[in-house]
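Participant: The primary structure of each chain is shown beneath.
4 protein chains.
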Amino acid sequence: MKAVVYNGPREVMVKEVPDAKIERPTDVLVKITSTNICGSDLHMYEGRTSFEKGRVFGHENLGQVVEVGNAVDKIKVGDWVAIPFNVSCGHCANCERQLTAFCLTMNPGMAGAAFGFADMGPYPGGQAEYLRVPYGDFNCLRLPEDAQEKQADYVMLSDIFPTGWHATELACVQPGESVVIYGAGPVGLMAALSATVKGARQVMVVDRHPDRLKLVESLGAIPIDDSKGSPVEQVMALTNGIGADRGCECVGYQSHDPQGHEHPNMTLNDLVKSVKFTGRIGVVGVFVPKDPNSPDPLGKKGEITFDYGLFWNKGQSMGTGQCNVKTYNRQLRDMIHAGRVKPSFIVSHKITLDKAPDAYKHFDARDSGWTKVILQPVAVA
Amino acid sequence: MKAVVYNGPREVMVKEVPDAKIERPTDVLVKITSTNICGSDLHMYEGRTSFEKGRVFGHENLGQVVEVGNAVDKIKVGDWVAIPFNVSCGHCANCERQLTAFCLTMNPGMAGAAFGFADMGPYPGGQAEYLRVPYGDFNCLRLPEDAQEKQADYVMLSDIFPTGWHATELACVQPGESVVIYGAGPVGLMAALSATVKGARQVMVVDRHPDRLKLVESLGAIPIDDSKGSPVEQVMALTNGIGADRGCECVGYQSHDPQGHEHPNMTLNDLVKSVKFTGRIGVVGVFVPKDPNSPDPLGKKGEITFDYGLFWNKGQSMGTGQCNVKTYNRQLRDMIHAGRVKPSFIVSHKITLDKAPDAYKHFDARDSGWTKVILQPVAVA
Amino acid sequence: MKAVVYNGPREVMVKEVPDAKIERPTDVLVKITSTNICGSDLHMYEGRTSFEKGRVFGHENLGQVVEVGNAVDKIKVGDWVAIPFNVSCGHCANCERQLTAFCLTMNPGMAGAAFGFADMGPYPGGQAEYLRVPYGDFNCLRLPEDAQEKQADYVMLSDIFPTGWHATELACVQPGESVVIYGAGPVGLMAALSATVKGARQVMVVDRHPDRLKLVESLGAIPIDDSKGSPVEQVMALTNGIGADRGCECVGYQSHDPQGHEHPNMTLNDLVKSVKFTGRIGVVGVFVPKDPNSPDPLGKKGEITFDYGLFWNKGQSMGTGQCNVKTYNRQLRDMIHAGRVKPSFIVSHKITLDKAPDAYKHFDARDSGWTKVILQPVAVA
Amino acid sequence: MKAVVYNGPREVMVKEVPDAKIERPTDVLVKITSTNICGSDLHMYEGRTSFEKGRVFGHENLGQVVEVGNAVDKIKVGDWVAIPFNVSCGHCANCERQLTAFCLTMNPGMAGAAFGFADMGPYPGGQAEYLRVPYGDFNCLRLPEDAQEKQADYVMLSDIFPTGWHATELACVQPGESVVIYGAGPVGLMAALSATVKGARQVMVVDRHPDRLKLVESLGAIPIDDSKGSPVEQVMALTNGIGADRGCECVGYQSHDPQGHEHPNMTLNDLVKSVKFTGRIGVVGVFVPKDPNSPDPLGKKGEITFDYGLFWNKGQSMGTGQCNVKTYNRQLRDMIHAGRVKPSFIVSHKITLDKAPDAYKHFDARDSGWTKVILQPVAVA
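Protein chains in written order, with my numbering: chain A, 393 to 773; chain B, 393 to 773; chain C, 393 to 773; chain D, 393 to 773.
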């Protein structure tokens with residue numbers, strides 16, 4: 393089958409790889425009709441991780457079931473399913489408490505596995521014609537009758553919509569509150585959408601790309617352009633000098649200033665300053681314990697210079713980490729189905745698999761207009 | 393009246409100051425019979441804060457009411473009361489949500505006020521014969537009939553017992569869990585007591601002072617001596633290599649290694665390593681936004697080098713800040729009254745006010761046996 | 393001053409009563425510009441309570457401060473304030489945990505006091521030119537600069553908007569969920585508004601009055617007419633036979649069938665049947681421990697025949713009771729100010745105080761078009 | 393194999409039934425070494441349910457794995473396992489939120505399945521030599537190396553220890569609180585143990601059997617003998633007339649007065665009266681939607697006469713239903729393993745399977761000394 397394969401820093405190829413197939417009786421095999429390029433793919437694409445050459449990308453996957461193992465009871469051939477990026481077992485101490493991003497089974501020695509991801513187990517990604525989904529009954533989310541028609545919405549259930557939602561959960565966003573979100577990439581925009589759905593009174597989103605800031609505005613949220621001045625001061629001006637009730641980090645360790653210099657601590661320290669005393673911060677932007685190719689000596693060790701005294705003095709709290717997709721994907725699916733939300737508003741491109749190399753280039757360069765790309769490996773009638 | 397007054401780095405004097413008196417109709421005036429020296433007094437004592445010469449120390453206070461303002465309805469002359477270290481108004485946006493450590497009224501421009509504390513408002517402390525308590529109906533906790541007899545227990549309600557409890561609340565300690573606490577000073581010991589009361593299965597406490605480690609053992613908790621080897625490795629060995637479910641920081645920015653060198657980030661980074669994936673950390677040790685006298689350039693700015701990549705990768709969360717004493721002091725009082733806990737087990741000295749200068753010296757030097765000092769300004773028949 | 397006074401079953405008069413005035417140094421005196429007639433006033437109006445002749449009605453009050461006691465620090469003369477229906481002290485064991493509807497101080501021997509309410513203390517109501525507010529700093533909620541202009545919205549903060557919100561809190565309504573609300577009176581409509589703000593996916597409201605059902609529809613919620621068939625069956629049809637995730641009771645003990653017969657257990661048993669296994673029910677409709685004038689022998693004792701076996705079998709849970717207004721009124725105020733909600737959409741009449749007797753008659757008769765009445769005792773320039 | 397079979401009201405037999413065996417690739421087959429008689433077995437034993445003749449009893453099971461299906465990955469032959477009474481799938485909307493007592497898969501048309509239970513699916517019980525466990529990886533809880541030695545403790549993990557714990561969770565028992573528990577049968581005693589572990593300050597347990605009240609006392613809890621006077625008055629006297637903070641119902645619909653007359657509403661109404669304003673009540677005693685053999689006309693329909701006006705007026709809340717065993721059994725297992733709790737303190741008899749008929753008789757008669765019976769179908773070397 394054809395798949396998007398990593399070939400070294402800033403190089404992906406579409407090539408033939410061995411067919412995905414049922415390997416265990418609990419497996420499900422899915423024909424992939426929509427699979428996104430994610431911002432976290434770019435860390436691997438840029439060679440900033442241990443992702444091995446030859447591995448297949450793709451952890452935001454949706455498609456139709458074509459085969460099931462003989463121990464699969466719920467999922468049936470023909471079902472349309474959205475597949476969480478986390479590969480999880482369903483029966484370990486973490487999975488049974490919904491901490492599926494920290495499954496203790498699927499990536500022994502670590503907590504948490506994912507499709508097509510550095511350091512998260514051997515699982516091939518879904519930027520390919522077919523994907524094997526382990527523990528299919530547990531991992532596959534069945535979609536309703538409008539699955540095919542709304543697949544650009546439902547595919548967001550595999551990662552970024554739950555991840556944006558998770559940012560607002562980690563930050564404990566409550567109805568009527570004020571929220572500041574750093575980053576208006578796909579995850580930041582999903583966090584803004586989530587905060588809005590939850591009844592936040594004021595949603596501010598910091599970025600500098602005009603196309604992204606325009607999408608912020610389309611949600612009824614407040615765009616803050618950090619190339620025009622300190623985002624902290626802009627937030628303070630909008631909150632009577634008090635700061636936002638809650639903050640979300642949706643950028644990660646490669647955050648950089650408007651001049652393009654990386655500062656892994658930039659958004660975190662800005663959040664501490666932008667959020668009120670007793671406020672809470674949710675961090676879903678990726679940070680890594682080791683980053684050997686970082687330009688910064690601290691960065692190589694995964695360390696940052698953190699404004700901890702202020703953080704403590706303000707009595708703030710912080711939640712972090714990858715999203716447990718299954719914790720949220722049912723309720724978000726039902727909201728899509730009911731027409732309450734339409735996360736596909738961020739999609740800029742729907743293209744065939746063979747155009748992936750070009751798309752990676754544009755997305756990595758944050759080229760204007762390339763906000764979110766859906767690859768369509770298999771066309772459906 | 394006599395009071396313990398700050399006279400510059402490492403110097404306190406007992407001298408005459410103007411009598412405390414009712415200034416507002418909502419005030420209560422308390423004759424102080426027990427008032428502790430706290431570890432956080434030592435930051436001021438050592439000259440590491442902006443605490444002004446001439447100010448009166450003392451934020452852990454208990455005594456008997458001698459006069460009330462004409463708008464005081466609940467508190468009566470003769471009542472025995474424990475007084476939270478936080479001075480709070482009871483009607484601001486934070487107080488009404490029990491965030492009394494972040495009162496927006498009593499220290500304008502900041503959030504939170506305290507008796508006898510640097511940067512926390514003009515309120516004189518209670519290491520004196522009398523103390524004026526603003527908003528007395530709100531701030532004073534009435535004590536039951538055994539108040540006088542058990543005052544060595546009840547005085548702990550003013551700060552360290554609630555603060556230790558707060559550490560375990562911030563860390564979300566649940567029954568049956570494993571907890572590691574850094575610091576076996578008075579607050580760390582109260583955190584250990586709290587975790588035990590809450591049904592923690594395994595409570596480990598890291599320190600190096602033999603007298604403190606012995607008190608840890610007296611609680612049925614596990615003492616970990618970090619002068620004998622890496623505390624992280626000792627915790628890992630005790631938890632099958634998984635790490636503790638929860639962690640508490642009860643040391644603060646002046647944490648130092650067994651050789652005596654200060655490392656403000658030491659306990660925090662050790663906690664990240666000692667606590668499991670998805671675990672939660674509560675930090676009640678004091679960290680400050682500015683520390684001009686720090687030996688360390690980052691420290692001067694209140695910054696630390698934080699192992700953030702690992703923190704995020706493990707999906708941990710963290711709660712911080714001063715304790716909202718009123719959130720817990722009723723339930724803790726009732727437990728003392730019922731004989732379920734006896735926080736006075738840490739008390740090493742009960743002495744008269746005039747011996748305060750000597751006591752400060754010993755406590756600051758962590759001299760063996762000086763675990764907790766109660767000053768008794770006014771003797772009661 | 394003029395006030396609306398109870399004169400026996402189904403009879404109110406507007407007459408002169410002694411002027412409200414400052415009695416305690418913590419009091420605030422408010423000139424009332426908006427005061428609503430509430431559904432719970434009707435229980436008293438109809439003579440179904442122990443409300444004494446001569447007492448002044450009115451617990452939904454808003455106005456401008458004209459005088460403050462000398463212990464009042466926050467509230468200033470000239471402030472516009474919304475006043476919770478609960479009269480609470482701010483310093484008892486319940487108030488300090490935000491349970492202001494169960495204040496232990498203001499109605500000794502009971503828990504909870506209110507303005508102008510049977511069995512809830514001696515406090516005169518605000519359907520009058522002036523109102524004395526005890527513990528003014530604690531009880532008065534200050535309003536922003538648009539207070540006067542938006543007073544038809546802000547006055548809802550005194551009771552029904554927080555009470556409707558409370559119904560959804562007691563029911564633990566989460567974003568993306570399905571909710572059924574029994575009763576489309578003012579409180580039920582506020583519950584529907586609240587559920588919508590919180591991101592509920594599907595909000596169903598049961599009633600039979602066409603004017604109310606039209607207001608339901610105006611919120612984007614689903615009106616269910618129980619005079620057209622079983623509301624339980626209608627809910628089941630709308631939820632694939634599963635039932636709603638959450639249910640709210642906004643009717644109370646005088647619930648009656650479309651034929652007009654009272655059945656105090658009707659809405660509760662319907663809720664048990666309409667809500668799914670493991671669902672949760674919030675009950676803010678008033679139920680009373682004694683109802684001597686009930687037509688029903690059980691009702692006289694405050695008892696109902698409850699479908700408990702089904703409730704337990706479904707593993708449902710239930711929260712009840714009067715609303716702690718202060719728990720919610722700040723965040724709801726901020727949402728009104730930000731233009732996120734406009735609770736005045738239910739108001740049908742704004743009239744002067746002397747028209748109160750006529751308004752009571754129409755409102756009690758549920759006359760078409762009389763959805764919510766605001767009395768305006770004092771006109772403001 | 394031999395099994396305990398229902399043969400009509402008050403009659404069980406030990407007889408040969410077809411061997412349990414692996415039927416699905418996800419099944420696990422367990423040799424049963426300990427299986428308890430439960431109070432809820434008695435409802436079936438007495439003929440008060442639709443339990444069919446010929447069915448095998450037993451939902452509190454522990455044993456050693458003898459065979460696993462080819463899709464079972466975690467559980468291995470030789471593992472000692474405790475088996476929750478709930479039979480659950482692990483992948484439905486309820487199971488994935490830990491609501492395993494309300495599994496939507498295993499008992500179609502209802503929510504929730506159990507081994508050997510009326511109306512809860514076709515699953516044979518474990519009062520037999522072998523038991524088939526569906527979805528073995530999800531349902532079996534592995535036990536540590538002391539499994540065999542401590543099996544009288546660990547077998548309590550299958551039902552009554554988690555169920556007693558659940559009562560205290562539904563009632564939201566917090567450290568330092570006061571709790572009243574109605575019923576000192578095995579579940580009530582486990583609730584008392586749970587409240588104690590959680591740091592409750594005062595645990596009161598109502599019953600009238602001297603052997604049970606003695607066990608209450610052995611926990612350091614307060615026995616209340618309701619044959620000596622009103623339990624409500626006794627609770628009030630012990631709580632300064634305020635009532636307990638929390639209440640637990642551990643009796644169920646067959647509750648009867650000291651004279652032996654059944655009153656399905658008795659414990660519930662007593663709880664409403666015994667628990668304070670704003671208190672919370674957890675109900676794990678079994679109530680049924682239909683009880684055709686009830687002596688009481690309301691009881692036949694599963695209805696009770698409930699003191700609802702008082703419940704609402706006090707602003708109480710209530711949680712109900714069967715226990716989701718998997719939510720708690722890991723943490724409780726770890727506490728047993730660490731020696732923090734010893735739930736076997738209630739065991740009065742350990743006997744071979746053939747003595748089951750006699751044991752049922754004594755247990756059903758509440759004969760003195762028959763507090764808890766463990767059957768041992770297979771002896772282990």
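No lab work stands behind these hints, which were simulated from the structure alone.
Errors might be hidden in some of the hints.
Given that identical chains are not distinguished, each listed pair holds provided it fits within a single copy or across any two copies.
With a Cα cut of at most 30 Å, we get these calculated DSS-like pairs of lysine-lysine [what the hints assert, rightly or not]:
#1 LYS742 <-> LYS665
#2 LYS734 <-> LYS468
#3 LYS466 <-> LYS413
#4 LYS620 <-> LYS693
#5 LYS413 <-> LYS620
#6 LYS734 <-> LYS606
#7 LYS407 <-> LYS665
#8 LYS665 <-> LYS682
#9 LYS682 <-> LYS468
Participant: Could you run down the list of hints and mark each one as holding or not?
Facilitator: Going through the hints against the structure:
Taking the shortest Cα distances, LYS742 and LYS665 never come within 30 Å of each other, neither inside one copy (39 Å) nor across copies (43 Å). In this assembly of identical chains, the alpha carbons of LYS734 and LYS468 lie at most 30 Å apart only when taken from the same copy (27 Å versus 46 Å across copies). For a Cα distance limit of 30 Å, the shortest separation of LYS466 from LYS413 qualifies both inside one copy, at 19 Å, and across copies, at 22 Å. Taking identical chains as interchangeable, the C-alpha atoms of LYS620 and LYS693 lie at most 30 Å apart only when they sit on different chains, with a minimum of 26 Å there against 32 Å within one chain.
For the homomeric pair LYS413 and LYS620, neither the shortest alpha-carbon distance inside one copy (52 Å) nor that between copies (53 Å) is at most 30 Å. For the identical chains of this complex, LYS734 and LYS606 are neighbours both inside a copy (16 Å) and across copies (27 Å), given an alpha-carbon limit of 30 Å. Taking identical chains as interchangeable, the C-alpha atoms of LYS407 and LYS665 are never at most 30 Å apart, the minima being 48 Å within one chain and 41 Å between chains. Taking CA atoms no more than 30 Å apart as the test, LYS665 paired with LYS682 passes in both settings, with 26 Å inside one copy and 14 Å between copies.
For the identical chains of this complex, LYS682 and LYS468 are neighbours neither inside a copy (41 Å) nor across copies (36 Å), given an alpha-carbon limit of 30 Å.
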